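Asker: Numbering (this note's numbering) for the sequence shown: 24 to 253.
FYI, nobody ran anything at the bench for these hints, they're computed from the structure.
Treat the numbers as computed from the prediction; the structure is a model and nothing was measured.
Incorrect hints may have been included.
[As the list claims (entries may be wrong)] Keeping only pairs whose Cα atoms sit at most 35 Å apart, straight-line, the calculated DSBU-like set for lysine-lysine is:
no., residue 1, residue 2
1, 113, 194
2, 137, 113
3, 194, 137
[Said to hold, decoys possible] Restraint-style ranges between C-beta atoms, simulated for each label pair:
no., residue 1, residue 2, range
4, 95, 25, 14 to 22 Å
5, 190, 32, 16 to 24 Å
6, 250, 67, 15 to 23 Å
Just so you know, even glycine gets a beta-carbon here, dropped at the ideal spot from N, CA and C.
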Amino acid sequence: MQLDSGQLLMLLQWMDSAFPTGAFAHSGALETYTQAGIIRTADDLARLIRVRLNSAARTDLILIHESMNAAAVGDWDRIMQLDELCGAAKTTRETREASEKIGRRMLASILNLKRDPALEHYRDAIAAGRCVGHHPIVHGLGCAALNVEPRAALLAFAYGLAVNQTAASLKLMPIGQTQTQAVLGALGLAMADAVETALNRTLDDFGSFTPGLDIRAAQHEHLFRRLFIS
Numbered sequence: 024m025q026l027d028s029g030q031l032l033m034l035l036q037w038m039d040s041a042f043p044t045g046a047f048a049h050s051g052a053l054e055t056y057t058q059a060g061i062i063r064t065a066d067d068l069a070r071l072i073r074v075r076l077n078s079a080a081r082t083d084l085i086l087i088h089e090s091m092n093a094a095a096v097g098d099w100d101r102i103m104q105l106d107e108l109c110g111a112a113k114t115t116r117e118t119r120e121a122s123e124k125i126g127r128r129m130l131a132s133i134l135n136l137k138r139d140p141a142l143e144h145y146r147d148a149i150a151a152g153r154c155v156g157h158h159p160i161v162h163g164l165g166c167a168a169l170n171v172e173p174r175a176a177l178l179a180f181a182y183g184l185a186v187n188q189t190a191a192s193l194k195l196m197p198i199g200q201t202q203t204q205a206v207l208g209a210l211g212l213a214m215a216d217a218v219e220t221a222l223n224r225t226l227d228d229f230g231s232f233t234p235g236l237d238i239r240a241a242q243h244e245h246l247f248r249r250l251f252i253s
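Using the sequences and the hints given, assemble the complete structure.
Answerer: Below, the structure written as structure tokens:
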């Protein structure tokens, strides 16, 4: 199903770095990697983003797809379970809190632009303590409210992940915008592959093993100098 102009423009707005989600304040452990001297070059950065995309294909992207399916039939018990699973899969405190903060800010920002009963119900569930509002779940429910087809929804999330990493790299590495754009261009196939992987999996396949990322994310809160929240 092709996006119409309204759907495309709204989705682009949500993925824009100026959209007030606070994602720009999170490095996804990149700050730890750069301070340790592990990530130094554009090629290093691209490899890290590929790892994150591969992990997302088996976790966050599956949750987005599942939340869209649940929203389509109004299965709120399922959505609450997906939100809880998302939190359980975020194995470090900063990563988990980042997902919560970005998700809730994204939800509030979307509702400022578009009234939707399902999104309002989810907001009320967060306020009642039934869920916390993780980023992938908000993204999935938002795309369901827009009637965006799953492939486009997942690809937008994957692109946002990559863009946030390259944006953080501009502050953490001796790298320029020309290089980061080249990295993004080279990662197009990896983004598409991550989406196809997620679309062909279910919660039975859920889970990712990235101990390096988890360790660096856990170390981040103990860094002597920090530009980013996570």
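Asker: Each hint needs a verdict: does it hold in this structure or not?
Answerer: These are the hints, each one checked on the structure:
no., hint, result
1, 113 / 194, "25 Å, holds"
2, 137 / 113, "29 Å, holds"
3, 194 / 137, "33 Å, holds"
4, 95 / 25: 14 to 22 Å, "19 Å, holds"
5, 190 / 32: 16 to 24 Å, "22 Å, holds"
6, 250 / 67: 15 to 23 Å, "18 Å, holds"
When held up to the earlier numbered hints, the structure conflicts with none and fits them all.
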